[in-house]
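Student: The lines below spell out each chain.
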Amino acid sequence: MRSTVATTLKYVSLVVASLCAIVPLVTIFMLAFKTDQEQRTTGPLTPPSNWLNFENFVTAFSQGGMVMGFINTGIILVVSVAGTILIGTMAAYAVDRFRFRGRKLVLGLFLLATLVPSVTTQVATFQVISALDLFNTRGAAILLFAGTDIVAIYIFLQFMSSIPVSLDEAAMLDGANRFTIYWRVILPLLKPAIATVIIIKGIAIYNEFYIPFLYMPSQELGVISTSLFRFMGPFGSQWQVIAAGTILVIIPTLLAFLFLQRYIYNGLTSGATK
Amino acid sequence: MSTLKGDPALTARALAPISSRRRNRLTGSGTTPWLFLIIPLAFLIVLTYIPVGNMFWYSLTSWDGLDPDMEFVGLGNFVRIFTQPEIFQVFFVSLYYLAGAIAQLVLALYFATLLSFKTRFRNLFKGVIFFPYLINGVAIGLVFLYFFRPGGTLDALLAAVGIHDPGQWLGDPSLVNISLAGTSVWRYMGLNFVLFLGAIQSVPAEQYEAADLDGANSWHKFRFIILPSIRRILGLSFILAIAGALSAFEMPYIMTGGANGSETFVIQTVNTAFKFSKVGLASAMAVVLLIIVLVITAVQRRVFPDERGEES
Chain A
1 MRSTVATTLK YVSLVVASLC AIVPLVTIFM LAFKTDQEQR TTGPLTPPSN
51 WLNFENFVTA FSQGGMVMGF INTGIILVVS VAGTILIGTM AAYAVDRFRF
101 RGRKLVLGLF LLATLVPSVT TQVATFQVIS ALDLFNTRGA AILLFAGTDI
151 VAIYIFLQFM SSIPVSLDEA AMLDGANRFT IYWRVILPLL KPAIATVIII
201 KGIAIYNEFY IPFLYMPSQE LGVISTSLFR FMGPFGSQWQ VIAAGTILVI
251 IPTLLAFLFL QRYIYNGLTS GATK
Chain B
1 MSTLKGDPAL TARALAPISS RRRNRLTGSG TTPWLFLIIP LAFLIVLTYI
51 PVGNMFWYSL TSWDGLDPDM EFVGLGNFVR IFTQPEIFQV FFVSLYYLAG
101 AIAQLVLALY FATLLSFKTR FRNLFKGVIF FPYLINGVAI GLVFLYFFRP
151 GGTLDALLAA VGIHDPGQWL GDPSLVNISL AGTSVWRYMG LNFVLFLGAI
201 QSVPAEQYEA ADLDGANSWH KFRFIILPSI RRILGLSFIL AIAGALSAFE
251 MPYIMTGGAN GSETFVIQTV NTAFKFSKVG LASAMAVVLL IIVLVITAVQ
301 RRVFPDERGE ES
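Read top to bottom, the protein sequences are chains A and B. Heads up, the first sequence is in the UniProt record's numbering, so the first residue is 1 and it goes up one at a time. Heads up, the second sequence is in the UniProt record's numbering, so the first residue is 1 and it goes up one at a time.
Among the hints, erroneous ones may be present.
[As the list claims (entries may be wrong)] The list that follows gives simulated cross-link-like pairs (lysine-lysine, DSS-like), each with its CA atoms no further than 30 Å apart: (1) A:Lys10 <-> B:Lys221; (2) B:Lys275 <-> A:Lys10; (3) B:Lys221 <-> B:Lys118.
[Said to hold, decoys possible] Here are the in silico distance ranges between beta carbons for each label pair: (4) A:Val23 <-> B:Ser202: 29 to 35 Å; (5) A:Leu9 <-> B:Gly215: 36 to 42 Å; (6) B:Ile45 <-> A:Ser218: 27 to 33 Å.
To be clear, the hints were calculated from the coordinates, so they are not data collected in a lab. Fair warning: this is a prediction, and the values are worked out from it, not measured in the lab. Ideal placement from N, C-alpha and C gives every residue a C-beta, glycine not left out.
Assemble the whole structure, with the sequences as input and the hints as a guide.
Tutor: What follows is the structure, encoded as structure tokens:
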């Protein structure tokens, strides 16, 4: 008897939690298919009369700068992730595979940097980006995404220490130099760690709002976050268009989640605890 | 990969004679490690240490961000932060986010515990509870602007159960921070939940079986198996939650821009710097936050030593 009550309570709370997660999204999804007239006259919980009304999506895409947003996000994402991987693996290789004077200091510098909350330091980072003449260019976001990711270095360091040094030595006996070893031996073996970094970093960059907002104010440099943010002005009262834009931004995330579920869970577990 | 992992015993024996030499082999080689480090270190210094250093310097000036001459004002900015109530009082807004963060951890722990037992549709529930964490922050902001707007989703739901005119969720200064902190809980709970669930599931199944044999009930299992297994991740999450509450920024900035008494310390800092061009004062505010976060982290290291070593 007691266990039946407990089981019922358990499923009730799980269903309630799921509803809390889903309902705000479902109402936005329904809203995206409504006409302007419908949006004004029907309540949020009423489904649209025509589920095939894609007009709002067309408006969001063509007038909302979403195409530009996806292109800019795509460029920034690919270049920054590639940069993060190169920088992170090089740093991890140097620190893990060499014993040199100053190694502890270097490690400490990377460690200390993880503690600095990045939003607040933008007050001063802004001056550095201006001095480098990168303000209002994609370069600003790329440099900041690729150059300040210390968590990636830790993921590579952890993984690299599990690759036996004997492999380096075998390659060295075959006459390979350090760069060949890094490029031909270590990098291919780091594939699982690289996949983890691609996933965590990819999600983070796709979702980042403040850095593009602060450093790339010009309209044609809008990424998806900032393009969507700008919907609030011109489409202020057209909630159905805002909803369509929001759904367009969520769909790639949903697809990525459905296909990469296991990797995302694993990646976040190894990334979040640093 | 498979070709690399031979018989471990064999590998160990093959390595034995080298191991004394290994240290030498991998030592030395003078400049080579620095060639690998030069780019990562350059980025680290230019994008992290120079800004932090500059920030400390700016915080002692009344710089406006443009003027080539910076006027040194000593600790004047810090005195202003702690004496002008309108600057300091925004820290009280953090209390809403702190309460939200604690609710978030409790909920995450509750659902992680539930799902660690045998459950139908476990992966579905896990996915649904976790998914909000992955969504773009601006998209979440817009979803909840619609959710909280007058006549929006929340009002419609309340009307369905007979509650009318519940008030302005985002317009009323006494409600706005609760609404925004609630949105943050909705957004971030999934991450804590998945981390807790991962830690609980890393407990070997035999422990539960042994507990069953000893006649343990679910509460005993929670108290004596689950709780100790996630003590560390719980501690880390708690510290991160405090730091996150103090530096709450994205949800309120996107949704209200800090209007109606929802301004947080970080919103105030970036507005001071970029809207009102008081880089000196803003830097001092950033320094205050940085120091608070560093102190919290130091406390965490003391309470939960070896965090890194054990978690990995």
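Student: Tell me the numbers of any earlier hints that the structure contravenes, in ascending order.
Tutor: Per hint list: 2, 5 violated.
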